[in-house]
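S.K.: As given, the protein sequences belong to chains P and L, one line each in that order. Under my numbering, think of the first position of the first sequence as 200, with each following residue one higher. Under my numbering, think of the first position of the second sequence as 200, with each following residue one higher.
Don't read these hints as lab results, they were simulated from the structure.
Since the list gives no way to pick one copy over another, a pair counts as held whenever it fits inside one copy or between any two copies.
Listed below are the simulated DSBU-like cross-link pairs for lysine-lysine, each with C-alpha atoms no more than 30 Å apart in a straight line:
#1 Lys396 with Lys413
#2 Lys396 with Lys443
#3 Lys311 with Lys526
#4 Lys298 with Lys343
#5 Lys396 with Lys441
#6 Lys406 with Lys441
#7 Lys443 with Lys343
#8 Lys244 with Lys443
#9 Lys443 with Lys215
#10 Lys474 with Lys526
#11 Lys466 with Lys350
#12 Lys350 with Lys396
Owing to the predicted nature of the structure, the values given are computational and were not obtained by experimental measurement.
There are 2 protein chains.
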Amino acid sequence: MNQIRIGIVGYGNLGKGVELAIRSNPDTTLAFVATRRDPSSVSLKTPDVPVYAYDDLVNHQSDADVVIVCGGSATDLPKQSPELASYFNVVDSFDTHAKIPEHFAAVDAAAKASNHTAMISVGWDPGMFSLMRLYGSCILPDGKDYTFWGKGISQGHSDAIRRVEGVLDARQYTIPIDAAIDAVRSGVQPELTTRQKHLRECYVVAKPDADLEKIEREIRTMPNYFADYDTIVHFISAEELKEKHSELPHGGFVIRTGATGENGEHKHLIEYSLKLDSNPEFTTNVIVAYARAVARLAEEQAYGCKSVFDIAPCYLSPMRREELMAKML
Amino acid sequence: MNQIRIGIVGYGNLGKGVELAIRSNPDTTLAFVATRRDPSSVSLKTPDVPVYAYDDLVNHQSDADVVIVCGGSATDLPKQSPELASYFNVVDSFDTHAKIPEHFAAVDAAAKASNHTAMISVGWDPGMFSLMRLYGSCILPDGKDYTFWGKGISQGHSDAIRRVEGVLDARQYTIPIDAAIDAVRSGVQPELTTRQKHLRECYVVAKPDADLEKIEREIRTMPNYFADYDTIVHFISAEELKEKHSELPHGGFVIRTGATGENGEHKHLIEYSLKLDSNPEFTTNVIVAYARAVARLAEEQAYGCKSVFDIAPCYLSPMRREELMAKML
Numbered sequence: 200m201n202q203i204r205i206g207i208v209g210y211g212n213l214g215k216g217v218e219l220a221i222r223s224n225p226d227t228t229l230a231f232v233a234t235r236r237d238p239s240s241v242s243l244k245t246p247d248v249p250v251y252a253y254d255d256l257v258n259h260q261s262d263a264d265v266v267i268v269c270g271g272s273a274t275d276l277p278k279q280s281p282e283l284a285s286y287f288n289v290v291d292s293f294d295t296h297a298k299i300p301e302h303f304a305a306v307d308a309a310a311k312a313s314n315h316t317a318m319i320s321v322g323w324d325p326g327m328f329s330l331m332r333l334y335g336s337c338i339l340p341d342g343k344d345y346t347f348w349g350k351g352i353s354q355g356h357s358d359a360i361r362r363v364e365g366v367l368d369a370r371q372y373t374i375p376i377d378a379a380i381d382a383v384r385s386g387v388q389p390e391l392t393t394r395q396k397h398l399r400e401c402y403v404v405a406k407p408d409a410d411l412e413k414i415e416r417e418i419r420t421m422p423n424y425f426a427d428y429d430t431i432v433h434f435i436s437a438e439e440l441k442e443k444h445s446e447l448p449h450g451g452f453v454i455r456t457g458a459t460g461e462n463g464e465h466k467h468l469i470e471y472s473l474k475l476d477s478n479p480e481f482t483t484n485v486i487v488a489y490a491r492a493v494a495r496l497a498e499e500q501a502y503g504c505k506s507v508f509d510i511a512p513c514y515l516s517p518m519r520r521e522e523l524m525a526k527m528l
Numbered sequence: 200m201n202q203i204r205i206g207i208v209g210y211g212n213l214g215k216g217v218e219l220a221i222r223s224n225p226d227t228t229l230a231f232v233a234t235r236r237d238p239s240s241v242s243l244k245t246p247d248v249p250v251y252a253y254d255d256l257v258n259h260q261s262d263a264d265v266v267i268v269c270g271g272s273a274t275d276l277p278k279q280s281p282e283l284a285s286y287f288n289v290v291d292s293f294d295t296h297a298k299i300p301e302h303f304a305a306v307d308a309a310a311k312a313s314n315h316t317a318m319i320s321v322g323w324d325p326g327m328f329s330l331m332r333l334y335g336s337c338i339l340p341d342g343k344d345y346t347f348w349g350k351g352i353s354q355g356h357s358d359a360i361r362r363v364e365g366v367l368d369a370r371q372y373t374i375p376i377d378a379a380i381d382a383v384r385s386g387v388q389p390e391l392t393t394r395q396k397h398l399r400e401c402y403v404v405a406k407p408d409a410d411l412e413k414i415e416r417e418i419r420t421m422p423n424y425f426a427d428y429d430t431i432v433h434f435i436s437a438e439e440l441k442e443k444h445s446e447l448p449h450g451g452f453v454i455r456t457g458a459t460g461e462n463g464e465h466k467h468l469i470e471y472s473l474k475l476d477s478n479p480e481f482t483t484n485v486i487v488a489y490a491r492a493v494a495r496l497a498e499e500q501a502y503g504c505k506s507v508f509d510i511a512p513c514y515l516s517p518m519r520r521e522e523l524m525a526k527m528l
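In isolation and in its complexed conformation, chain P is listed as follows (with noise of 0.2 Å):
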């Protein structure tokens, strides 16, 4: 297999990510970087990769054989990857479950008509974890399975409360709660509450004058965000929040549960747990190991788009097939 040239689009904690992984997988290349903003403002940390302005990709088609799309969710990604879905193959990293299947529907259709090969929804979840929802549910259909999230950084948590009046920065870290988990490992198969199977936990930077109270409160009533959950709030000094709380961990675990047996007398349990240092690092490595499927698939004229349930496994690895089948299975 020749090289798989790669190109970035965005470059923040995800598309620094993607640089970093493609140094770990020897066959691939960084191709370019684009990026929104002044292009000679972007330093990289690859030398002698150029840096495109995004309004210009359409003229560099020929210089990646899979671009991947490194923007948010919430409006870069439905807009740029069926933009450049017409002009290269790509991977994102969309989570926003609901939307989901819409998102799905306006890639494939920009795919499709152009002739290339796409996925959404790559990383640990959606991604890793809904690959093990789907293995469990498939290997153990009469069972129940369970996904808990942390300790980690949730990073649309955090800005939430940057938002709230009076605060200067904050981090939220999503805590999965021991006895909840202990629960479903027993094998009870529990209903459990959002609050049952969560703590958050906040890391406030105030402004030297803000009511500390009315922070709090707002915080801890927040819809969605918080109101559900026993949240706890911490105030800290900005020193503070940089020296201990500026990295990124994150991870999580996907539990079923289930039985067989002539009268469902003999129990199981499947549990895939991920412990990261650095979410965006490892999502990223997630992603560069589909790129190298997508970039397959293309060759093999499998265009339109995909999903982590639409890839064998074995296009994920560097190796051939005899190769895997002899070290690995």
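We have chain P; now place chain L onto it with these hints.
M.R.: Relative to the frame of chain P, chain L by itself:
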């Protein structure tokens, strides 16, 4: 999708497990059981299902969409899987890791020559654990993986003990060593010897006049099976063996640790674990999910032999692709 008609070849622990698994998968039906014994001596748990003689199967080629070959890997499967792949789409659970390429080649040739779809080595190891090793190596390339088995009954090791002179019956538990698992989880990527990873605990029923010391010495020093391990031998009564050790639990762990970042400064841990009350029933549940995939691939005329690496996860599920994407991604 129509009902998938499944034939079972061999009615031991695995065959009986498939029969139960079919009940948990409403889109599958038991078409027949075939045996090398006298068919009239076999009584099924499912009413109104025919039992055929193995040698008569050639006359029932149109009765099943997929046949699950439930023999042993030592002598049954190397003969039966290629033989049956000439008449049926087949799935087996061949688990002699070193001989997989050879077995694959034989089944592949038979399946391709007769336009059938086949799958070998389906279960949890080889099977789900193989998948986890493959996914782990692709999404965390700068890393290392470890597989631990147990606590569970190893039938091969139990059989080996039964062949020792003076032994009436025996069960052997493979037990992963906690200190080794903890070292792996810590991310230090230790080099572990066979002895450091697993312990072997044996429950042995001896003949009344047997030399127990001699039996224990023979077990502990048996090459390949026990010599490289710390082995504990307990002599117990036939009654105690039956009462406390007649189930077939098993399980294990696939753990991959690795690093990302500019200087490998971010550590990551991926862990997949199984805790199974019944090894054969869980194995056959996995097999029936893959039988669904084989039936679909045969409809698509994707002939030849496959492994779990070749199967896109969506083929395992009775749900439609759109439903999967909306509910599980």
